[in-house]
Amino acid sequence: MNDKEKNTDKIDQVQLVYARVLEMVSHVGMAFLALGYVVYVLQLLPLSVPIDAIAGNWHLKASEMQQKLHTPAGWSILSSSGALFKGDVVSYLSIYYLAMATVVCLAFASVTFYREKNYLYTTIAVLQVLVLLVAASGLIH
Amino acid sequence: MSPATKKILGSCAAASGAFAFLFISPNILYAIQPHAAEQTAWWVWMILLFVFSFILGIFSVLAGVGGGVLFVPIVSGFFPFHLDFIRGAGLLVALSGALSAGSPLMRKGLADLKLGLPMALVGSVSSIAGALAGLAMPANVVQLLLGVAIMFIAALMIKSRAYGTPDLKEPDALSTMLQISGIYYEESTKSNVPWQIQRTPLGLFLFMIIGFIGGMFGMGAGWANVPVFNMLMGVPLKVAVATSGLVLSINGAAAAWVYIFKGAVVPLIAVPAIGGIMLGSKIGAKLLTKVNTRSVRMIVIIMLVVAGLRSLLKGLGI
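Chains A and B supply the protein sequences, listed in that same order. Note that numbering that gives the first Met the number 0 has the first sequence beginning at 0, numbered continuously upward. Note that numbering that gives the first Met the number 0 has the second sequence beginning at 0, numbered continuously upward.
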């Protein structure tokens, strides 16, 4: 067995699990991002805020644009009826998916750390998941 | 054509690209006719943003910095979008880059979870605080501080001397408790290289500061993560660069949610930026052996100084 193979053997199981999950979620994320944008800019589905309105106000502060156009922010994008069939909402969701990708990877890592009885890193990984979930919940904005 | 001539030609092409990039930027062209920017169709801006981000992606790889570091200062200097949306897009640019590069680095044992997770935990909390602070501040103050930060990064790039594989030193108590050490396979020497770290408490503190700055300015923080890992904590350069990506993907995600909830993430702007940088990075990686990276690094430093000056002037209302 050469050095390279020996090193591969020494890589933690949890690293390999994280890598596998990351590869899967990031590939899906990039495809979703591209697809969502095509649906959005080609207006294949109706939009909740017209693109021209966004373009006419993108020099404003985010809070001012929100006030003026009532652009969706956070999970409020899903609050209107038939939200999932709106082009801009699909594009927003593709971005949210990317922002959630690390949570998925860390959740798998936490379980693997726990199975390996590495309680210190299980705690660190769970705490990290909690921090990201609190951020994604919008509780602290 | 000899390899040396190719490198010189490559450097000339890079220099002329940088010149065009800095001095024939969309906002400067439109400054000649101020109404033209307002009348321009949105899709023209999107194409320009994609092309601009694509060039940035190439330069960032050739200069050995993350695309997220260059994106905010340079795009904020040259495009009509408010800084809020550029910072929101900048975080997603940094996050996407780190996500797409992460898996192979993790498999090779270069990105190390046990090294990255404690740093990311403190960094993610402070990046949320940084994002909240950055979005609460008036735009001119953020612009001014951004100018200072960019000048600092440029100075750091000039001064920093990375250590490929630092000498193995006695690990500190905290790193021993956190089980942080490893071995990676060095292709150039065909051997396994063991590593361990020191000064972990100071490293954690600095990652907290870096997270705050990254969240505040919407920048990737590879420019700071790597020197702290490598020069302060004694992590081999390759492991430092790869693990920095892991930390960035976690910190970037935490801060991105703040921008998302504040309405500062607009897909119209964010997606072409992500696509352009990622595509440019792939081309940049292919050009890496053909271009004199030292010259490109110098060009990027000049680009940062110009962008920093523009940011400072904008912040001062000049």
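Treat the hints with care, since some could be wrong.
To be verified - Per the computed footprint, the stretches of chain B lying under chain A, defined by three or more beta-carbons under 8 Å from a beta-carbon of chain A, are:
#1 42 to 51
#2 78 to 88
#3 113 to 120
#4 144 to 154
#5 228 to 237
#6 294 to 306
By construction, these hints were calculated from the structure, which means they are not laboratory data. Glycine included, every Cβ here is placed at the ideal spot set by N, Cα and C.
What are the numbers of the hints the structure violates, in ascending order? Violated: hints 4, 5 and 6.
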